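Visitor: Starting from the known structure of chain D, fit chain W onto it as the hints suggest.
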Amino acid sequence: MSGVRVLVGTRKGAFILTSDAKRERWDIAGPHFGGWEIYHLKGSPADPNRLYASQSSGWFGQMIQRSGDGGKTWAPVGNKFVYDGVPGTHQWYDGTPRPWEFKRVWHLEPSLTDPDTVYAGIEDAALFRSTDGGQTWQELPGLRGHGSGSRWQPGAGGMCLHTILLDPGDPARIFIAISAAGAFRTDDGGVTWQPINRGLRSEHIPDPTAEVGHCVHHVAMHRSRPHVLFMQKHWDVMRSDDAGDSWHEVSGNLPSDFGFALDVHAHQPDTIYVVPIKSDSEHYPPDGKLRVYRSRTGGNEWEALTQGLPQSDCYVNVLRDAMAVDSLDSCGVYFGTTGGQVYASPDSGDHWSAIVRDLPPVLSVEVQTLP
Amino acid sequence: MIRLILPAHLRTLAGVGGEVEIEVAGEATLRSVLDALEARYPMLRGTIRDHVTAQRRPFVRFFACGEDLSHQLPDAPLPDAVASGAEPLLLVGAIAGG
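Residue numbers (the numbering used here), protein chains in the order written: chain D, 45 to 415; chain W, 128 to 225.
In case anyone wonders, no lab produced these hints; they're calculated from the structure.
Please note that a few of the clues may not be correct.
[Said to hold, decoys possible] Derived DEER-like restraints, expressed as beta-carbon distance ranges:
no. : chain 1 : residue 1 : chain 2 : residue 2 : range
1   : D       : 136       : W       : 177       : 37 to 45 Å
2   : D       : 268       : W       : 145       : 49 to 57 Å
3   : W       : 185       : D       : 78        : 17 to 25 Å
4   : D       : 194       : W       : 177       : 39 to 47 Å
Predicted model, so just to flag it, every value in this text is computed and none were measured.
C-beta: ideal position from N, C-alpha, C; glycine also.
So here's chain D without its partners, still in its complex pose:
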């Protein structure tokens, strides 16, 4: 019988939540790697039992863990991330130059076809790839070598490469996003990269429409339509219909266009979800109401989804990698909060309930739909 496996990364360990296709009763396993920050864990589309996890700590640095049995057991693999060549400098918060320095892995993106190939987005921002199941890692240096790296700067969470989207129709095309540099695309498998930020407007940089410097929080696509991208920028929800060559705003009637998380319905490419957050200095929902907003029109027209979500005195945040969908016939939508709740909706967002309420602050949520 089909089911779902929800992979939850938190400030103090990883948790794996499983259910059958009804998504009513959940088994909660964990914490794995208790006490460590798990920024992200994700399964291979080519082998759902192959999982990768980013495990890090301010004391002991970065580990990468790999599982071959769906997260029941894990083994450490390679943790050596060394920039290619002379790292150079990026901008610090005040615009002064700062040397590139490895801090942690924010996001792991397994290949769509090969369980042993996985990409890692790191802080300070760079893209690495392993083709041996995570044992060794090599930078794709063309990204930092684009020439604009000296103008990238950190967002509040650090200068992180947090989004990696592999084009299902074109193995040579990859999209990535960096806070605060913007979005980039390669069309040659990662050798060369171009910034794709035309149409973005950001008031925190001297030239609001500059080629780079934009604080992109997250980007998502539907696999059937990889040239259509949706972006939650620091402020503004944006859409591109030409693989990032140009963007236009689709914030429409949202109560706030600041936020982090964004995802696309598994079966309806124009149905998208965001969680509006009040502002960049108040990282909680407007009016103390936790509301997911859904657009069925690819943006601009949004409806609040509230059933089962707290509608008073709620002051949690939903971070950029903490929303995901399953691909069961009735699409499930999931998100985790900094208050430790993981909410699930088995009916595309109409009704919500908490799978679990009291985890450490949730950093990431990924979902696997199991046969």
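Guide: Below, chain W without anything else, positioned relative to chain D:
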């Protein structure tokens, strides 16, 4: 034989409980002891010292015989009591909240 006491998270990572005992060829120094430790437990590489510079990670400290050896040069000899196995070398995570 050198006795080492690792912080709990590194014991879990290495799959060991209690003290670790390792043999060091030549003089017992921070470098030789950590080299031997990492050779025996490769999963600890990068968790105590930086992969590239081999510098101690900022929130890791080395104590022995009631002394802080964190700032000792990597090739300076460790106290005789550590070299003889009479006293353990403690690898400690700095008190830094959590």
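Visitor: So which of those numbered hints doesn't the model satisfy?
Guide: When the structure is compared with the hints, numbers 1 and 4 turn out to be violated.
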